[in-house]
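Enquirer: Now for the letters of each chain:
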Amino acid sequence: MEFPDNLKYTKEHEWVRIEGNEAYVGITDFAQQELGDLVYVEVETVGEVVEKDEVFGTVEAVKTTSELFMPLSGKIIEFNPELDESEGDNPSLINSSPYDEGWIIKIEISKLNEIESLLDREAYAALVD
Amino acid sequence: MKTTALTSKHIELGARMAAFAGYNMPISYTNIQEEHKTVRENVGVFDVSHMGEFIVKGKQALELVQKVTSNDASKLKIGDVQYSCFPNATGGIIDDLLVYRLPEDKCAKGEQAYMLVVNASNIKKDWQWIGQHNTFETHLINISDNTGLLAVQGPKAAATLQSLTDIDLHAMKYYTFQKGTFAGVDNVLISATGYTGAGGFELYFDNKDMLQMWEAIFKAGADYGIKPIGLGARDTLRLEMGYCLYGNDIDDTTSPLEAGLGWITKLQKDDFNSKSIFKQQKKQGIKKKLVGFEVLERRVPRHGYLIEDIDGNEIGQVTSGTQSPSLDKPIGLGYVSKELAKIDQEIFIAVRNKKLKAKIVKLPFYKKHT
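Protein chains in written order, with our numbering: chain S, 1 to 129; chain L, 130 to 499.
Only true hints are included.
Within a straight-line C-alpha distance of at most 30 Å, the following computed BS3-like cross-link-like pairs (lysine-lysine) qualify:
#	chain 1	residue 1	chain 2	residue 2
1	L	Lys483	S	Lys63
2	L	Lys138	S	Lys63
3	S	Lys106	L	Lys484
4	L	Lys458	S	Lys63
5	L	Lys483	S	Lys11
6	L	Lys483	S	Lys75
Label-pair distances were calculated between CB atoms; the ranges are:
#	chain 1	residue 1	chain 2	residue 2	range
7	S	Asp89	L	Gly151	36 to 42 Å
8	L	Asn482	S	Glu12	18 to 24 Å
9	S	Ala125	L	Ala148	19 to 25 Å
10	L	Ile272	S	Ser97	45 to 51 Å
11	L	Gly376	S	Glu44	31 to 37 Å
Cβ-to-Cβ under 7 Å is the rule here; a few derived chain S residues that face chain L:
#	residue
12	Gly36
13	Asp37
14	Val39
15	Tyr40
16	Glu60
17	Val62
18	Lys63
19	Thr65
20	Glu85
Think of the hints as simulated: they come from the structure by calculation, not from any bench.
A virtual CB, placed ideally from N, CA and C, is assigned to each residue, including glycine.
This is chain S alone, in the form it adopts within the complex:
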């Protein structure tokens, strides 16, 4: 299982790639393997400001449903169109490319100091070991 060095992680198995005051958010390789084949991703919070640890969306796998939690407070500025049912409608990208093509949302970070609360690669890898 891969956990790239340049990402930050949460206990809820999300990853965050910070680019200035914006960030991309997805779920980890561990999370996608645990969920199995993803069939649907729902994000209805685009344009909204959602607080850290609040739910911003849902993923449906064949076996189970899982909620998606905000790793940082912020405004959701984009939902990956490749996953969106009205566009690409290809949620399996999360299974095949969890850190790259399978990113879920892009956010505008509202509280930069919250970044300190995220886990680095080592801490996350220890968590799922």
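Model the placement of chain L on the given structure of chain S, informed by the hints.
Expert: Chain L alone, transformed into the frame defined by chain S:
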């Protein structure tokens, strides 16, 4: 955690493993949808050795089976299989099971023998329950720990297995079985049954022969695209057929009549557990009914979600749900109040902050050649 004779094989094959009924079982080897498709189109093999098997043997074996099961076992000829359930004393279901009427070559004169195949999660409960009712001249033997069980399912199952046995598999009728030599192993019980709706066989044999059987079946099926299948696809396959899963759709509190299992509840046979309760239910009518429904949105229904009518009144609960790999839409089973249990009835599934529109449909969800 308990293991089957194949647990290390599954791990070697890279399966995602999880605890199921106390056993370390394969959930999926590649992914559920692919495995599901393999069974619908070709042939797949499930290790279901965790299931329980009891032998009921004696001069009054039939009497005991009749007392504890709801279906009419007196109708079984040697070589027949029957789907049935154990009702409890209060009109609920202890477990669902298959009843096999075994050959009598090892029986003394006047004896009959049956095999009861039960859910792994209920082995202990069932064993106690049957023992408690055994006031008859009958022996009970629990062979669960020594018995291996492989389900070989799919349209290519007969073609795959035929090279391994002299028994004419194509001629076997659904819900019958034969005993014979299979892949060089003696005393294999080959049953034309399954939990997938894809056709195929279930093979019962001594655990010590497991690896030999597994290897022989995979070799025989190589040309047909045979693959190992996990419990994840077993669940999606059974759900597409509308088959009940104990613990989800039926349990100690649900009546077989409510669960659509009236056809295995034979009220005209002699006394059996809860018969008078079922008779009363039949007379007065049941209050809720297990139905199949399709969700008309993309969200997937799950066990425990509430079902509501258009005005937001609670009318029942989801008992099973999944994304149907064959139909590519979300499907589910659930109990709804009798008045609303009609085909095409619009219902709503409550998920957190949403109400998903759904519609009651005929079972099975999946029909061959559609």
